[in-house]
Amino acid sequence: AQKVTQAQTEISVVEKEDVTLDCVYETRDTTYYLFWYKQPPSGELVFLIRRNSFDEQNEISGRYSWNFQKSTSSFNFTITASQVVDSAVYFCALTPANAGNNRKLIWGLGTSLAVNP
Amino acid sequence: EPEVTQTPSHQVTQMGQEVILRCVPISNHLYFYWYRQILGQKVEFLVSFYNNEISEKSEIFDDQFSVERPDGSNFTLKIRSTKLEDSAMYFCASLPGGWENSPLHFGNGTRLTVT
Chain A
5 AQKVTQAQTE ISVVEKEDVT LDCVYETRDT TYYLFWYKQP PSGELVFLIR
55 RNSFDEQNEI SGRYSWNFQK STSSFNFTIT ASQVVDSAVY FCALTPANAG
105 NNRKLIWGLG TSLAVNP
Chain B
3 EPEVTQTPSH QVTQMGQEVI LRCVPISNHL YFYWYRQILG QKVEFLVSFY
53 NNEISEKSEI FDDQFSVERP DGSNFTLKIR STKLEDSAMY FCASLPGGWE
103 NSPLHFGNGT RLTVT
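Sequence lines, in order, name chains A and B. Count along the first sequence from 1, then add 4; that gives the number in my numbering. Count along the second sequence from 1, then add 2; that gives the number in my numbering.
There may be inaccurate statements among the hints.
[Unchecked claim] Just a few of them, taken from the derived set where beta-carbon distance is under 10 Å, the chain A residues facing chain B:
| no. | residue |
| --- | --- |
| 1 | Tyr36 |
| 2 | Phe39 |
| 3 | Ala97 |
| 4 | Ile110 |
| 5 | Trp111 |
[As the list claims (entries may be wrong)] If you want the ones that stay clear, here's a sample from chain A, every Cβ over 10 Å from chain B, calculated:
| no. | residue |
| --- | --- |
| 6 | Gln12 |
| 7 | Ile15 |
| 8 | Ile83 |
| 9 | Gly114 |
Since the hints were made in silico from the structure, they are not lab data. Note that CB positions come from ideal geometry on N, CA and C, so glycine has one too.
All chains, please: the whole structure from these sequences, using the hints.
Rendered as structure tokens:
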């Protein structure tokens, strides 16, 4: 069975703090993709990153960084020096790499991040 | 950058009515998807569509739901007789051929409210 767990339902930080959003996944597939999406209050889903299971290099994009650890089935997301505009719900998602046409993402419940001024 | 566009942004309908949610995928994309998010809950897969037929559908996608690509640009989701529990945000997404290197980009969603 495939499952994505985001244990943190809500996080509240003060601007400029660093914050890490946890994501733990379960899958029997040997190759898979992991994703992070941001959902701001306006409701749209904004793609942030995709990671292949065979690529365990961590990635940094500006204030965002991702730590993929296959050994612990985790794909955590860190925002450095958080800003009010980072306030949103963040979703982690998983899909098998061999899903063919069926890009059926399995989603976590999301973590609601509030960055206060 | 090309976008997936969805209309309307918000639709209010009465229980039992039919609704059609419209999506214009990115041009030249071949794979199309609908997802749903009930307010405050996680996003759920509804259906995938390729080569003018459904590739896979979830348990949610029962006989009340149908999808269609009526022309070369639109991709629609029809709910035949809406129920209160169909109230949700519906997201459309598309992928190009050779999708292995493409993430799933979503439209801005249609908020469906069934009263």
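Status of the hints after comparison with the structure:
1. Tyr36: violated, 13 Å
2. Phe39: holds, 7 Å
3. Ala97: Given a least distance of 8 Å, the restraint on Ala97/A holds.
4. Ile110: It holds, given that the least Cβ distance between Ile110/A and chain B is near 8 Å, below 10 Å.
5. Trp111: holds, 4 Å
6. Gln12: holds, 14 Å
7. Ile15: holds, 16 Å
8. Ile83: Given that every Cβ of chain B is farther than 10 Å from that of Ile83/A, nearest at about 19 Å, it holds.
9. Gly114: violated, 6 Å
Checked against the numbered hints listed earlier, the structure breaks hints 1, 9; every other hint is satisfied.
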